[in-house]
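Since the structure of chain H is provided, determine the placement of chain W on it from the hints.
Here the protein sequences line up with chains H and W, keeping their order. Quick note, the first sequence lines up with residues 0 to 502 if you use numbering that gives the first Met the number 0. Quick note, the second sequence lines up with residues 0 to 248 if you use numbering that gives the first Met the number 0.
Hints may be right or wrong, so weigh each one.
[What the hints assert, rightly or not] Derived list of chain H stretches under chain W, where covered just means 3 residues or more per stretch with a C-beta under 8 Å from a C-beta of chain W: (1) 273 to 280; (2) 283 to 297; (3) 300 to 308.
[Claimed, not checked] Derived lysine-lysine pairs resembling DSS-like cross-links, with alpha carbons at most 27 Å apart: (4) Lys3(W) - Lys159(H); (5) Lys90(H) - Lys244(W); (6) Lys216(W) - Lys3(W); (7) Lys367(H) - Lys498(H); (8) Lys367(H) - Lys159(H); (9) Lys244(W) - Lys433(H); (10) Lys89(W) - Lys20(W); (11) Lys259(H) - Lys131(W); (12) Lys259(H) - Lys244(W).
[To be verified] If you want the footprint, here are the derived chain W segments under chain H, 3+ residues with CB under 8 Å: (13) 63 to 73; (14) 82 to 91; (15) 97 to 111; (16) 122 to 128; (17) 136 to 150.
These are calculated hints, taken from the structure and not from any lab test. C-beta atoms are modelled at their ideal positions from N, C-alpha and C, and glycine is treated no differently.
This is what each chain is made of:
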Amino acid sequence: MTIGSIPLRFKVEIDPDQCMLCGRCIENCSYGVFRKEGDAIFVNSRNCVACHRCSAFCPRDAISIYEKPTDYRSHPVWTREIREAVFNQAKTGKIILAGMGNALPYPIIFDRLVLDACQVTNPSIDPLREPMELRTYLGKKPSSLSLKESADGTVELITKLSPNLQIETPIMVGHMSYGAISLNAQTAIAKAVSRIGTFMGTGEGGLHESLYPYQSNMIVQVASGRFGVDINYLERGAAIEIKIGQGAKPGIGGHLPGEKVCADVSCTRMIPEGSDAISPAPHHDIYSIEDLKQLVRSLKEATEWKKPVFVKIAAVHNTAAIAAGIARSSADAVVIDGFRGGTGAAPRVFRDHVGIPVEAAVASVDAKLRQQGIRNQVSIIASGGIRESADVAKIICLGADAVYIGTSALVAMGCRVCGTCYRGQCAWGIATQKPELTKRLDPDVESVHVENLIHGWTLELAELMGAAGINSIESLRGNRDRLRGYMLDEGLLNVLDVKTVGA
Amino acid sequence: MSMKTVRIDAKDLHYTPLNMKIRAAVADGVKEIVIDHVLGQRFIADGLRGDDVTITVNGVPGGDLAMFMSGPTIIVHGNADHAPGNTMDKGKVIIHGSAGDAVAHSMRGGKVYVRDNIGYRGGIHMKRYREKHPILVVGGSARAFLGESMAGGMIIVLGLKGVHPVSEQGVGSGIHGGEIFVRGTIDDLCLGGGARQAPVTEEQKSVIRPIIEDFAKSFGIDAAPLLASDYTRIAATSARPFANKYTWE
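Isolated chain H, as found in the complex (with noise of 0.2 Å):
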């Protein structure tokens, strides 16, 4: 017997009344869907991702996909996904790759929190007439200030400060490398973040010459493979952050396949053309938390002091104590990234399985530095899964400072969460580097998409803000009770210190 064919993901259909036979289907597919034979366009449905670029190209409506047309037995334990992997697996024996964040329907906790509003007895603000501050500085505060009055009545402020990263909305788009996007791709954001005034992350891929223009808004990642990393990379940064792990598959390193390491991805990575691109699932000069802090002084060291420098780690199960070593490491912001992270690639197994929400992450991190007394010495960015400023608004009551997005900033630029980011044929020319897709995309169309958003998304924060009655970013951060939680149980209410609806 033989496993045969499985059925179809997707089924594509175009209507003959509809479609004139343009062709853009066929031209802008990039996975083989479309051919036309005689005056006739045929499809080969197999080949559909429902990445939408067709359907959103043609000028008359005339296609539509349908997902998964034939239908297995329906089983509750045994869903069509577990099948399909297990046949993948039959044939192969290999781990499966799968791309984008995790795919399981595991429930959101942001989902069941609900945020506050002002009725009646303290008065909400509109943010038309008032202020609103929603400007955020990443680092280190000091615990105390010491001043220095002299004679002629000038206070001189004694304290050395750190160096902060001044950011105008608490938002800033992740780590996402150059191998993993396309330079256009990069470059719309690039151009996105520095008119908004706030930050993008390089990811370990090295920073393209062509972004030189925009480094004072970026962050440099280091990560275990040091890919671009010189000294001439960590003095471009605006700051440097560390990646010990990334959400979607923590505990793994990565690999960039050599198809995908193009002159010009070789160049900014410092690899050979053509050559993997291989990080070891540890950095080999960390392996306890006294090391990390020695890479973190390291990096603080070459470049004297200037720079803050984040780190960055997976959510999971004993990020607090993890969180409360890397505050006690001279950096300055720590990262956490959430089981739903997004990524280019990530074994299927791990994307799906390991890790936690970024939420209980989160909340557990800022109760732990707080009762250690050093909250003050790390900022705390949220990233993996925040898709709406809803979930802005809610992780920095739960106590972040900022946020990272990166699949909604893909999104921003066309990106429809098909998932087959691995596989490098992106048709919207995000994750791929064949020129003749990464040339659809426009960067300075779509920087604007992705400045909207975060424009858009800053607008709607500065409103929940005023609706509770908050005029200020820093009154909102770790506010737990400005939340409350909906059908969440009591353990998850523990962790999280918020109280449930009704409460």
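What follows is chain W alone, placed relative to chain H:
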């Protein structure tokens, strides 16, 4: 151009002020810097530039000596702690003694010469890029996981003074580029996954010859017996050890 020399006394000096003094001297055009009484200061010459600068370290430097360094030459009269040459880009580190773990970790360019022995994970994840070709030479022996995850560059272990170059496991574990040369051979059981050893060819020996001569000269060792010896080359069985590990969802 006159050669300017500066002496720095590192006694009781923290690494940050020490590095500030080094940077200030380099900025001032000093080409020769001598640091005395070094006792465990980490990060010496971290991120330092200056192709024609030589720094002599008298004492025992702490971890991450010459990390991210791009250009200078450092001569250590003493042992070094872990990871000298970490993520180094260009330059030379000559250690008249032994060094700790992860020597030349992730080094992309330049040379690290260690007269005596090194600890675990020497040359781990070294890589090359264009004209940059990192080289680690060890006079004595290396401990386990030498050249792990190596992506490029060259490691040579000479086994001088009667020690065996490597007698522990994991040599070249996960290696996918670059090469490791040892004087003599190593036990096959010491090879890591994905690594294999073979006797050097004449062509390969001609490549390592000038490096061994330079190493010998740096420490005043007679190169002749080293050049007369037989060497083994350890390299990857596949340039793409991960290529067949995955299937698409």
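(message) Run the distance test for Lys244(W) versus Lys433(H): straight-line Cα separation, threshold 27 Å.
(response) This hinted pair holds, its Cα atoms lying about 24 Å apart.
(message) How does the region 97 to 111 of chain W fare against chain H when you require at least three residues with a CB closer than 8 Å, holds or violated?
(response) The restraint on the region 97 to 111 of chain W holds, since 4 of its residues have a Cβ under 8 Å from chain H and three suffice.
(message) So is the region 82 to 91 of chain W in contact with chain H by the C-beta rule, three or more residues under 8 Å, or is the coverage claim wrong?
(response) holds (count 4)
(message) Does Lys131(W) sit within 27 Å of Lys259(H), going by the straight-line distance between their CA atoms?
(response) Answer holds: Lys259(H) to Lys131(W) is near 22 Å, not above 27 Å.
(request) Can you take a look at whether the region 63 to 73 of chain W is actually covered by chain H? Rule is 3+ residues, C-beta closer than 8 Å. (result) Since 5 is at least three, the answer is holds.
(request) Could you grab the alpha-carbon distance between Lys367(H) and Lys498(H) and see if it respects the 27 Å cut-off? (result) Within the cut-off at roughly 19 Å; holds.
(message) Just to make sure I understand the rule, a stretch counts as covered if three or more of its residues have a C-beta closer than 8 Å to a C-beta of the chain. Does the region 122 to 128 of chain W meet that for chain H?
(response) Per the Cβ count (5), the hint holds.
(message) Just to make sure I understand the rule, a stretch counts as covered if three or more of its residues have a C-beta closer than 8 Å to a C-beta of the chain. Does the region 273 to 280 of chain H meet that for chain W?
(response) With 4 residues close enough to chain W, the hint holds.
(message) Verify this for me: three or more residues of the region 300 to 308 of chain H with a beta carbon less than 8 Å from a beta carbon of chain W.
(response) With 5 residues closer than 8 Å to chain W, the region 300 to 308 of chain H meets the three-residue bar; holds.
(message) Three residues or more, CB to CB closer than 8 Å: is that satisfied between the region 283 to 297 of chain H and chain W?
(response) holds (count 5)
(message) Does Lys244(W) sit within 27 Å of Lys259(H), going by the straight-line distance between their CA atoms?
(response) Within the cut-off at roughly 17 Å; holds.
(request) For the pair supplied as a hint, Lys367(H) and Lys159(H), confirm whether the alpha-carbon distance does not exceed 27 Å. (result) 26 Å, holds
In this structure, the one hint that does not hold is number 4.
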